[in-house]
Each structure stands twice: as C-alpha cells, then as structure tokens.
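Engineer: Order-wise, the sequence lines are chains U and X. Mind the numbering: the first sequence is residues 818 to 926 in this note's numbering, read in order. Mind the numbering: the second sequence is residues 3 to 119 in this note's numbering, read in order.
FYI, nobody ran anything at the bench for these hints, they're computed from the structure. The model shown is predicted, which means the values in this text are computed figures rather than measured ones. None of the hints are false.
Derived CB-CB ranges, DEER-like:
| # | chain 1 | residue 1 | chain 2 | residue 2 | range |
| --- | --- | --- | --- | --- | --- |
| 1 | X | Pro83 | U | Glu831 | 45 to 55 Å |
| 2 | U | Glu831 | X | Arg11 | 25 to 35 Å |
| 3 | U | His855 | X | Thr117 | 18 to 28 Å |
| 4 | X | Glu64 | U | Gly870 | 37 to 47 Å |
| 5 | U | Asn838 | X | Thr105 | 15 to 25 Å |
| 6 | X | Thr22 | U | Glu873 | 41 to 51 Å |
| 7 | U | Thr840 | X | Thr105 | 17 to 27 Å |
For every residue, glycine included, the Cβ atom is placed at its ideal position computed from N, Cα and C.
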Amino acid sequence: GQNIDQPTEMTATEGAIVQINCTYQTSGFNGLFWYQQHAGEAPTFLSYNVLDGLEEKGRFSSFLSRSKGYSYLLLKELQMKDSASYLCAVRDRDYKLSFGAGTTVTVRA
Amino acid sequence: DAGVIQSPRHEVTEMGQEVTLRCKPISGHDYLFWYRQTMMRGLELLIYFNNNVPIDDSGMPEDRFSAKMPNASFSTLKIQPSEPRDSAVYFCASSLSLGQGGTGELFFGEGSRLTVL
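Let the hints inform the model, and build the full structure from the sequences given.
Structural biologist: Next up, the structure:
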C-alpha cells in the first residue's frame, strides 16, 4: 500500500513563498503528482516528478528525492487566488494513484 | 475537446434507495478512476479500470458498491442500498497510460455530490 503524509494547514502572506512538504512510502514508485483543489471544485494537475530534482513551472516548483521518499511544492509570489487545498499523490507500479489528505493553504493580504 | 463528464452533479436520496453515478472519460484515455472525497477521509480511490477492465477494486467499501465499464466511453458506479455514510463527492477521472507519452496525469470530472438522508 501507500502512506502519504503532508501538513494539514499552512498560512502565508500575499507575495510570500510557501513550501508544502510531502513524505511517502510506496510499493513500487512510478511518479509523484501535485494537484490544486479550490473549495467546491475538482482537483487540477499542477506538477509531476518521476526523477530526482526540481521541476519549475512559473510560480510553482516541485522537488523530488526518491531515496528519501520526499517531495515539496514551492509556491512563489503568493496571490489570493492560490488559497486552496494542495494534494500530493503517488503512483505505484500498477498505475494506482493514491492521494494524501491535502494541505489547505490560506493566503492573507 | 470535452473533459471528463459526470452525471448527476447533485443527488439527494433516501436511505435504502439505489444510486447510479455516470462518467464519460476523455476520448482516447485508457485509464478510468473512481474516487470518493469526504472531509474526514480525503480523496479515496475506490476502483480503477484499464482498457475497460477493472484492475483494482480493493477500495470499494463493501458489496453495496459496484462499478462497471461496458465500453471505452462510459462507466457507472452503483450503490445499492445507499446509506447516510455514503454521502460524499464522487469523482471520476481519466488518463492516458505512460506508453502514450506525457505524464499520465489524471483529468477529473466536476464530481457528483451525493447526499443520503
């Protein structure tokens, strides 16, 4: 099975940087995803890591260390619209995608 | 191209009634996933299909739940009989396999919000 841990809540100020950590255990790692979910909406894809290192996509970056079972999502130049839940998800060798409980980020003016 | 389409968007029913949720995946996608989301348990994988064949249904809560995928463009999730604890948002998602290029990320439908009284 898979065990995915991430903090429950984080609060940051508009314009600041926030880092959301995710640790995981899985039987056969086959990729890690970050999704964003606004209240009342469906999750939407943000980033994907399958090799170690940093993937940058505009204001969002995601890092992966497979040996440590660790990833983080970095949100820069925070905007009010970034207030949402951020979900870490891990895919195993059987293509099964399991999600963490999500981190609710609140951006304050 | 249309995204994943789910119906109904909202359903309110009484305990004991049968509930059928429907999903049309993105054309060409070969994986289909059913998830359930609640505040208490987050996003739980119920079952997923590859090329219309169920691969893993270990997340299906109990015999009251069943899912089918009769063809590449349609899937159903059925709950019979429904109970109040089944109240949740049910998401369907589809993806391409890695062999077809890309990351294989999931594309989610807008969800079906189920309330069982």
